[in-house]
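Peer 1: Chain by chain, the residues:
4 protein chains.
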Amino acid sequence: MVRMDTAVTTALPYKVADLSLAEAGRHQLRLAENEMPGLMALRAEFGESKPLAGARIAGSLHMTVQTAVLIETLVTLGAQVRWASCNIFSTQDEAAAAVVVGPDGTRDDPKGVPVFAWKGESLEEYWWATDRIFDWSAEAAASGADWIGPNMILDDGGDATLLVHQGREFEVAGSVPEATDATSHEFRVVLDTLRRSLELSPDRWTRIAAELKGVTEETTTGVHRLYELHAKGELLFPAINVNDSVTKSKFDNKYGIRHSLPDGLNRATDVLIGGKVVFVAGYGDVGKGAAEALRGQGARVIVSEIDPINALQAAMDGYQVSRLESVIGEIDILVTGTGNKDVVRLEHLLGLKHLAVVANVGHFDNEIDMAGLESLPGAERIEIKPQVHEWRLPTGRSVLVLSEGRLMNLGNATGHPSFVMSNSFTNQVLAQIELWTRPDAYPVGVYVLPKHLDEKVARLHLDALGVELTVLTPEQAAYIGVPVEGPYKVDHYRY
Amino acid sequence: MVRMDTAVTTALPYKVADLSLAEAGRHQLRLAENEMPGLMALRAEFGESKPLAGARIAGSLHMTVQTAVLIETLVTLGAQVRWASCNIFSTQDEAAAAVVVGPDGTRDDPKGVPVFAWKGESLEEYWWATDRIFDWSAEAAASGADWIGPNMILDDGGDATLLVHQGREFEVAGSVPEATDATSHEFRVVLDTLRRSLELSPDRWTRIAAELKGVTEETTTGVHRLYELHAKGELLFPAINVNDSVTKSKFDNKYGIRHSLPDGLNRATDVLIGGKVVFVAGYGDVGKGAAEALRGQGARVIVSEIDPINALQAAMDGYQVSRLESVIGEIDILVTGTGNKDVVRLEHLLGLKHLAVVANVGHFDNEIDMAGLESLPGAERIEIKPQVHEWRLPTGRSVLVLSEGRLMNLGNATGHPSFVMSNSFTNQVLAQIELWTRPDAYPVGVYVLPKHLDEKVARLHLDALGVELTVLTPEQAAYIGVPVEGPYKVDHYRY
Amino acid sequence: MVRMDTAVTTALPYKVADLSLAEAGRHQLRLAENEMPGLMALRAEFGESKPLAGARIAGSLHMTVQTAVLIETLVTLGAQVRWASCNIFSTQDEAAAAVVVGPDGTRDDPKGVPVFAWKGESLEEYWWATDRIFDWSAEAAASGADWIGPNMILDDGGDATLLVHQGREFEVAGSVPEATDATSHEFRVVLDTLRRSLELSPDRWTRIAAELKGVTEETTTGVHRLYELHAKGELLFPAINVNDSVTKSKFDNKYGIRHSLPDGLNRATDVLIGGKVVFVAGYGDVGKGAAEALRGQGARVIVSEIDPINALQAAMDGYQVSRLESVIGEIDILVTGTGNKDVVRLEHLLGLKHLAVVANVGHFDNEIDMAGLESLPGAERIEIKPQVHEWRLPTGRSVLVLSEGRLMNLGNATGHPSFVMSNSFTNQVLAQIELWTRPDAYPVGVYVLPKHLDEKVARLHLDALGVELTVLTPEQAAYIGVPVEGPYKVDHYRY
Amino acid sequence: MVRMDTAVTTALPYKVADLSLAEAGRHQLRLAENEMPGLMALRAEFGESKPLAGARIAGSLHMTVQTAVLIETLVTLGAQVRWASCNIFSTQDEAAAAVVVGPDGTRDDPKGVPVFAWKGESLEEYWWATDRIFDWSAEAAASGADWIGPNMILDDGGDATLLVHQGREFEVAGSVPEATDATSHEFRVVLDTLRRSLELSPDRWTRIAAELKGVTEETTTGVHRLYELHAKGELLFPAINVNDSVTKSKFDNKYGIRHSLPDGLNRATDVLIGGKVVFVAGYGDVGKGAAEALRGQGARVIVSEIDPINALQAAMDGYQVSRLESVIGEIDILVTGTGNKDVVRLEHLLGLKHLAVVANVGHFDNEIDMAGLESLPGAERIEIKPQVHEWRLPTGRSVLVLSEGRLMNLGNATGHPSFVMSNSFTNQVLAQIELWTRPDAYPVGVYVLPKHLDEKVARLHLDALGVELTVLTPEQAAYIGVPVEGPYKVDHYRY
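Chains as they are written, first to last, in the working numbering: chain A, 263 to 757; chain B, 263 to 757; chain C, 263 to 757; chain D, 263 to 757.
With the rest of the complex left out, here is chain A (with noise of 0.2 Å):
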């Protein structure tokens, strides 16, 4: 990865600092191969094919181990790739570090991709980061054209996306506006990005959304945007939403958080889970996946809804289904997992047991009333550890609040692991493939992948786990009418 200052000033602004960081980098990357079936499937499917091949893949997700992986996939494809972290504190600077000077490179002749990220960036340079990965001028120089932009965005969240739609826009009306007070410190920075753009270029994004064929998007949030985008009729490229495959909505929202809450938990607080009462707002997949997790740790789960749906499915799973100021006081660990804002207020903080852990698996960071509890009078916060506070109450009481309020599967433990990634990406890839391969399926407008490929996503996961899969008769398919090899379910299926 590299530094904003070292970045402007060198001819190869991806130059590794610290090689032995590499190294460990491409050590965790072997361990996260074997554990991403899916991708290494598609390496060896289409490694020779290369039907990415011409693809230049602006990326911006957050640049881990599991993205590393991504990476060198596109590449293995045939696509050329230049990459941001999507979040300022998501990287982990050995995965960048491994990417950057690949698996044959050296520190002094790396080999690798671009990676324009690293924990811990300021506003200012997670957007610069962000600017730099449709900045292709290396790559034109390199092959002699007199200039080339990427033709490819793989974006989560949306903000890769939303620049060059911003930065159109702005070349459009000629001008970028001026920040008024009421402009959010972000988009100040990122109208300082678009206006340094523009002196420098007129046409730079135009030129750059032309070029575009398309976009594959993560998550739930940028999809949001791609809908509503379009809604307006401002989409400018085509684009498939990866989030809504079945393999990546029902797989790492309960599987992962399955896997990284119980996680993140002993991380944090090394409390015993077994025998306390734990309570899950939320019963959505983040709140099943909690809720099996903690039972199976043999503790006493009660959760809550607003659907009545899903409180009818949780009280058939056999959980206690209550409001949370019901039984605030008997809770030992209280995990939100809503999407929503405001589900963990003041006075259910207050009302909590001595010591009891606050945990958001949610969406949001405003879940839990975070503000509310920092501006109480008499409240005093005390650091125990890095993302474990314990904030003593004017009641006497304290509450364990993990890892500031914010996401704690990612601030006290690892995030998905691995092989629930392998599902998402593989999906990436897929998509990646077909807006690339197949343009006139896609006009403009937003897509979910072919559920034949959301079935052969999870076909490529299968015998990493020794699965056998029964393959229909012929006789058999056609009784119930479909192909042989797929896809089996109607549209609305819910698995």
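Hints listed in this document are in silico derivations from the structure and should not be mistaken for laboratory results. Just so we're clear, the structure is a prediction, and the values are computed from it rather than from any experiment. Please note that the accuracy of each hint is not assured.
[Claimed, not checked] Calculated pairs, BS3-like style, for lysine-lysine (alpha carbon to alpha carbon, straight line, at most 30 Å): (1) K603(D) / K751(C); (2) K373(D) / K647(A); (3) K647(A) / K381(D); (4) K603(C) / K713(D); (5) K381(A) / K647(D); (6) K647(A) / K381(A).
Model the placement of chains B, C and D on the given structure of chain A, informed by the hints.
Peer 2: Just chains B, C and D now, with coordinates in the frame of chain A:
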């Protein structure tokens, strides 16, 4: 209920022979009502306003205790009802009797609903009974009208709907075709039934079809027929697909089988499930419920799947996933729940352990190759007790076949419990209300219930389980972009 | 089996009236044999050497299909056997008939074992039958001896053992005391039985007692009596406490109830267990099995305990632990399995939800205050079906009481499955062999089976479940200080 | 804590170098106290009466945060204490520092307990530290006595007890024997330590042994040594076997491993456990906890056993039971928890899947043949991170070995959680009180705690989990023949 022969010769065809049967039935209805809070809540909500006033419902659905509660709910909501069963074996005679007598009736003065169903009908009797629910001459006579017909159908499997469509088709054609060698026994009976009808009236079905405001259909099979009819442009009235409500398909399959599979195994065999190796073919909703139930009894469960996504789910849930032939010699109990044919083939039956139990909880009888078994030279069938047969095989081993290969949760147990059926039937009633009261909203076509009604079904079942539902604040609702009162999820949400 | 009246007037008291009953019984025996691998393995191991040759066993134990397999195993091992049931209701008549006829016999030429038991005996008949198993005059006549008596007892609850001790005591005293007002009805019958005996012979029981080499006892209750007798110095022959073998007490309670509790609930009520709140009183082995079974069906389980260690176990296993009165109004199904009295009291019954189910899987009938319920003014009892009664309470609510408050796993289901009983009965047979073949090893006293035999019982049940046992190397065995072939654990090991 | 070199040269050998370490430790102690309700309850109950007044305890047990809470509890109950760790790696330095400083002390004025322990001692340092806990000269000086020694031992593994017995033996003999070639390195250090002691004083250990009122021992290993000593007639003072309290052996093994095994796997590898095939060698309490934890994470668990009873339990709990060699090629994660040696042999390591994880949660290091692996030609060891090593094998595959084959729940996780240790340590404190206050009740010998104290330990942990205990009525207690307040079970009850 009524026997065919008496029915045609009496003025009150639904006169009950056996009052004590009706009394036993009413006890069971009372217990079932306590387990069917959704239907009882609809009685409380709509008992006064009677939204089904004017509706004349021809119902064709298994005449069980639970259906009795459904029928009396429809009546409480203002409907007139006539009923037949949709299966020759599934009627519980005491339930039929109780419905005929009614809550306040006596044998000689029944005040209930005409039911044409008894356990163990012949096919001739079955189609006669189905024809009866379309004959409202008694009601016409009672109200002084010269003719009235039903204006709604409540269907399970589509036989009632079929009769109308087929009858009208033949009336349009002017004659009923002759059976050929290829005509099944059952369709011959249908043809005979309609031929008799045509002799009596040239436009009976045409008139009925014109009168009908719609049908609500319970099952996958019936729904499939409806979509086919509509695709061919032949559907004569709107239809609501009750089967694909979340509170139907995700509930009765999974939670119903979880209950009734071990129940049927126990009643049939008394074999200890704990410690046994159980094979579950198919990991759809049925398979998921089956596997959970058997693991909960201490069995080791092996699963098979053709769909890689479901296979991966099974693995993630901790089950071994193998082809049947790979593990055939280890299996103590073999359960099939796929909806496909030829899942358990002769070679499998021959490879099982001595006295292994074979159980079908799928959909059709042909999941197990009973025909192959019956024609196997040297195979011998010994009745241990009704619905439990030992088949001695030429290998010297035996297998225990439940319910002659048919659905053992019906044959060896009592089908879905009342609470599960309350979910399904509350969907049915809401669907009837929708079609009857909002005809403009449903032009001819096939619809699923709107999500807010699906959620309502769930909501009506929470109190009985002591579930407290959490209520969104207006701010939270706005934040996630849903109304406070729901619906809460996008249509493709998978639950 | 035989009716009392015919028995006393026929030369072949065990002539069978109904051959088809015996045939049905033999089918069931064949199925049960497949589920009783321990007994079948003993037949294979000892069928030739016949270690029980010369043993004449007086057996008193529930005359079920499983017991039939036990009896025929004893015979295969060389013993002569006479049998009575130890409970007036527990006989399965087809099993008794099958045993009497024997595998190769016919109605007119029975070749089996004399059984004096039928379902629904009076107390007079019961004690007459128990007396019969000590009357070996037919065998004496057949062998030309002038007198022979039994030399072994196989007992369940201790009634056979009681008769011998009591009979000898009265013979020593020279008379049987008169009943007083305080004498229970049952003990009056015992006194009458022994008085008749004393009239016929002054030393019959003394002679039998002298002949007896020992007794093997099945139950807690019987074992308790034996320890008391021995403590008072009155025990007349050695006894083996089969009840406290690990493969008995840790298996039949836990795994037996796990199977038969949901079975009984289903057969009795068909109420969906999933989603319901179930209360389990007692978290011993019975409670552990009950809680596991109900959670496995999706119920929410609340447990009560008096022993803090078991209470802590319940909490560690993830259950809510509460007093019954604290949660009485939330309970859908109330299960008691404590072995204590007055666990479910009238105030509890009055506080339950409408139509809550009340089930006893403990030991004695008085776990539930049925007497209080029966004498409650305004309470009304309605039979829904045999063994299922609705009690309408003055509160306006009802409760559903199973098996009239008695053991519902027997009354509403079929008791322990064969595989569980195979473990218990293999202990019985090994205990009989020990006492019969190694009399010097067991002076008068009460013993548990040596651990190597307990382990043997388990070992004989592994193959049927496909279990592969790992074998210690001599070095490993030496390292942990045990023989390669076991026993492996110290006596106080808790499993 | 203190370094050896400073210790011998300072008047206050336990002066703390790093106050911030002590502060961090005190934070952790505060959190741990909340998870150790048993110890805190003893402080509340006995803090005023101080039953341990006069007791001078030499403690040898892992110097962790939990032990710190134990030590301060002993002090609160009136004891004087000196402490060493019983393992060279297990000390948590911040815990040691916190104990030395004490709740109210400062670096320059410590008011706590002398602790001689730090993480990473040499064997020389270890035995020096163990010797220090018997040197009470500072306390003698403080009290003006000419000599005082400890009068109680609290031991884990028996090293402190060994030193006294061995020291006295050599004093009786008049000399310490020379080491031979066969003497292990560790025993050489012991001999050197005692030789130095003998040079300074001819009767130090004799005097100490005479003074000692008893020892309470934590572990299987230590208990085994005590029984051996007593069997040889060499035990010098009474001993309480804390290990075999129910609330110790059935709790820390099962619930401790259930917690710490997945924790260690996650911290070491981040490999998704869900869907993986996990092999658990041994189904004792450790194996039961391990299997439950892994199934709870969605793994498929295969178990091995040598004891047929435990094997049958595993089968009844739904696990596949196989020999390791039968399934070696399917295993993703291999866990051994047997307490035996050579369970995972070289041929097994060579047969595993590529990058399979190998984890020891048994007792001794030799469960896995690490020596064989280290001497295997062509095998290469790569450190992925501390305590996680990839071993590249000549087969071309690798295995991931955790904690170099030692206990990974200690090496890769943090051992038993506080709540579990609270159970164990409450037993320890009660055992110390028994021996100290009721010496007449315990002549020289080895005892387990009376059952009423075992139950008391459990009782003290119920409130923290919200458990309501049910109380027997006097009638109920009389009926089952136990006191209302317990103990409730016969000694051989297996829980």
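Peer 1: Would you mind marking each hint as holding or not holding in the structure?
Peer 2: Quick rundown of the hints versus the structure:
1. K603(D) / K751(C): This hinted pair holds, its Cα atoms lying about 17 Å apart.
2. K373(D) / K647(A): Distance of about 25 Å is within 30 Å: holds.
3. K647(A) / K381(D): Distance of about 20 Å is within 30 Å: holds.
4. K603(C) / K713(D): Holds, at about 24 Å.
5. K381(A) / K647(D): 20 Å, holds
6. K647(A) / K381(A): 19 Å, holds
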